[in-house]
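*Asks:* Following the hints, position chain B against chain A.
From first to last, the protein sequence lines are chains A and B. With our numbering applied, the first sequence corresponds to residues 5 to 220, in that order. With our numbering applied, the second sequence corresponds to residues 201 to 491, in that order.
Check before you lean on any hint, since a few could be wrong.
[As the list claims (entries may be wrong)] Computed far set for chain B versus chain A, every beta-carbon distance over 12 angstroms:
#: 1; residue: Gly232
#: 2; residue: Glu249
#: 3; residue: Leu251
#: 4; residue: Ala252
#: 5; residue: Pro259
#: 6; residue: His280
#: 7; residue: Phe293
#: 8; residue: Glu327
#: 9; residue: Arg344
#: 10; residue: Arg353
#: 11; residue: Arg379
#: 12; residue: Pro386
#: 13; residue: Arg445
[As the list claims (entries may be wrong)] Computed Cβ-Cβ distance ranges for the label pairs, DEER-style:
#: 14; chain 1: A; residue 1: Glu205; chain 2: B; residue 2: Pro294; range: 50 to 60 angstroms
#: 15; chain 1: A; residue 1: Pro72; chain 2: B; residue 2: Thr329; range: 37 to 47 angstroms
#: 16; chain 1: A; residue 1: Glu202; chain 2: B; residue 2: Arg446; range: 43 to 53 angstroms
[Said to hold, decoys possible] Chain A regions said to be covered by chain B (calculated; three or more residues, Cβ under 8 angstroms):
#: 17; stretch: 44 to 57
#: 18; stretch: 136 to 143
#: 19; stretch: 151 to 162
Think of the hints as simulated: they come from the structure by calculation, not from any bench. Cβ coordinates follow ideal geometry from the N, Cα and C atoms, glycine included.
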Amino acid sequence: MKPLGEQNHYELLEVSCEADPGEIERAYRMAQAAYASDSLATYSVFGEEDAISLRERIELAYEVLSDPERRRAYDGSLAGEPLPPASAGSAFELERERPARNEPKPLAPLALAAFDDLEAEAGSSGYDGARLRRARMRRGLELEQIAQVTKINPTYLRFLEEERFDDLPAAVYVRGFVGAYARCCGLDLSAVVPSYMERFETGRIARKRSRQGQPV
Amino acid sequence: MANLAAALARRGRAVLAIDVDLEGANLHTCLGVPSPRASLADFVAHREEDLAKLVVDTPLRNLRLIAATQGHLGAAQPSHFRRERLLQAVHRFPADFVLLDLGAGTHPAVVDYFLAADEGLVVLSPEPTSVENAYSFLRAAFYRRMREVLESRPVRRLIAQAMDQRNERGIRTPLDLLREIQSLNPAEGARFVAALQQFRPRLVVNEVRTSEDIKLGFAVRSVCKKYFGIDAEYLGYVNHDEAARRSMLARRPLVDSHPASDAAVYLARIAAKLADPRRASMQSEWRESGA
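Isolated chain A, as found in the complex (with noise of 0.2 angstroms):
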């Protein structure tokens, strides 16, 4: 444990000496949203000459460590000092479960899903739109960011959350917002189309039966 002015870039980045490029991208995402000036966790820790001091150091520590070769050349300079054990994890451990499989690229740094699926122990295979909302924020993500990436209109998107099965177009489309919204949010494709679509076309029969008058 040292005073922050001797912390050196790994200790900065929260990651171990033994992080890959990856994990050292997501810390420094972590950390520059942590610290940015407008930081709701840290403006009331930090004066505002730390802050910038942290920021910069912050940025020095990402330019050295996602440079292989800087990063070569700053663990020797390390070489005396003992590192932080590899078993200290990376402050981001939890995320690593993630499946990364077909997840697009802009979206994908600042996942976090930082908390493990426990809906999928519990045994709840379907994937209905609460469910779905649940892993989207999970991994970080707004529904502008799903639209940018998939083209489709955030506002279809959020009946897709609610189930608003009666405002949505024909099934044919949900079919593919469902699957692009689920792979944005790189989930089983195969888990969360049918599931959903199941969900989609009882609940449009029985509402169309109930706007009928028929029983349901």
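*Replies:* Coordinates of chain B only, in the frame set by chain A:
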């Protein structure tokens, strides 16, 4: 707090919830128990020595309660000695989980309960006031733990100086202070480092509306590390949910009245983490930061 207790009880664990917030007792209402006659106030006022006699049932299975109703308006906080007695009794109580609902603020009683717990939870919302309160609380807990552990007079004087925010020695962070202590008295420094490693607050972010709000927990954890030198754990978050207000009006815990609501799902997830047998603790504690 009521919800976390209810979520643990729903997992089939025997839970005792104790409202130690004698100045703002409301846990009974959150759990749907109409103002109980027996209460912690009887223990505080020496009317009852046996804690078990103050326990009342709640409408929820596996969940029992010691309320803080009918308190004496004049002397709300129990004496130091009384608090020790209470904590001893709590440790002996036959339950899987004992949750203490602490009041807001940094009264020594509140801080002592927090420090005595196996797991001290700090709840904050993504609002400046709440985050500032959370830091004041952590700072108070930090210095209190420090004074418990460190004995030498010069070191205590140094701490007193550092606690004064306008200190002239240029001690800006608790870690700077540690450095000063180490040079003044290495043995005390080592004791303090050992105590710090056991101080592990758990963070919960409440009233989450956007993914930015979720990141607050990571940012606060980072500040704990960089500023206090402590390893906080980001236990989870609970989103803002209109259902929470409806369940409050119905005087029922959300996890019981709306188990499928978003907030209830997040709460159940936090409860699952706490109940994980790999966590070796038997007791957990809660602090409501802010309102």
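*Asks:* Determine for every hint whether it applies to the structure shown.
*Replies:* Cross-check of the supplied hints:
| no. | hint | verdict |
| --- | --- | --- |
| 1 | Gly232 | holds, 25 angstroms |
| 2 | Glu249 | holds, 41 angstroms |
| 3 | Leu251 | holds, 33 angstroms |
| 4 | Ala252 | holds, 34 angstroms |
| 5 | Pro259 | holds, 24 angstroms |
| 6 | His280 | holds, 30 angstroms |
| 7 | Phe293 | holds, 28 angstroms |
| 8 | Glu327 | violated, 8 angstroms |
| 9 | Arg344 | holds, 18 angstroms |
| 10 | Arg353 | holds, 24 angstroms |
| 11 | Arg379 | violated, 5 angstroms |
| 12 | Pro386 | holds, 15 angstroms |
| 13 | Arg445 | holds, 18 angstroms |
| 14 | A:Glu205 <-> B:Pro294: 50 to 60 angstroms | holds, 51 angstroms |
| 15 | A:Pro72 <-> B:Thr329: 37 to 47 angstroms | holds, 45 angstroms |
| 16 | A:Glu202 <-> B:Arg446: 43 to 53 angstroms | violated, 29 angstroms |
| 17 | 44 to 57 | holds (count 9) |
| 18 | 136 to 143 | holds (count 6) |
| 19 | 151 to 162 | violated (count 0) |
Against the hints set out earlier in the document, violations occur for numbers 8, 11, 16 and 19.
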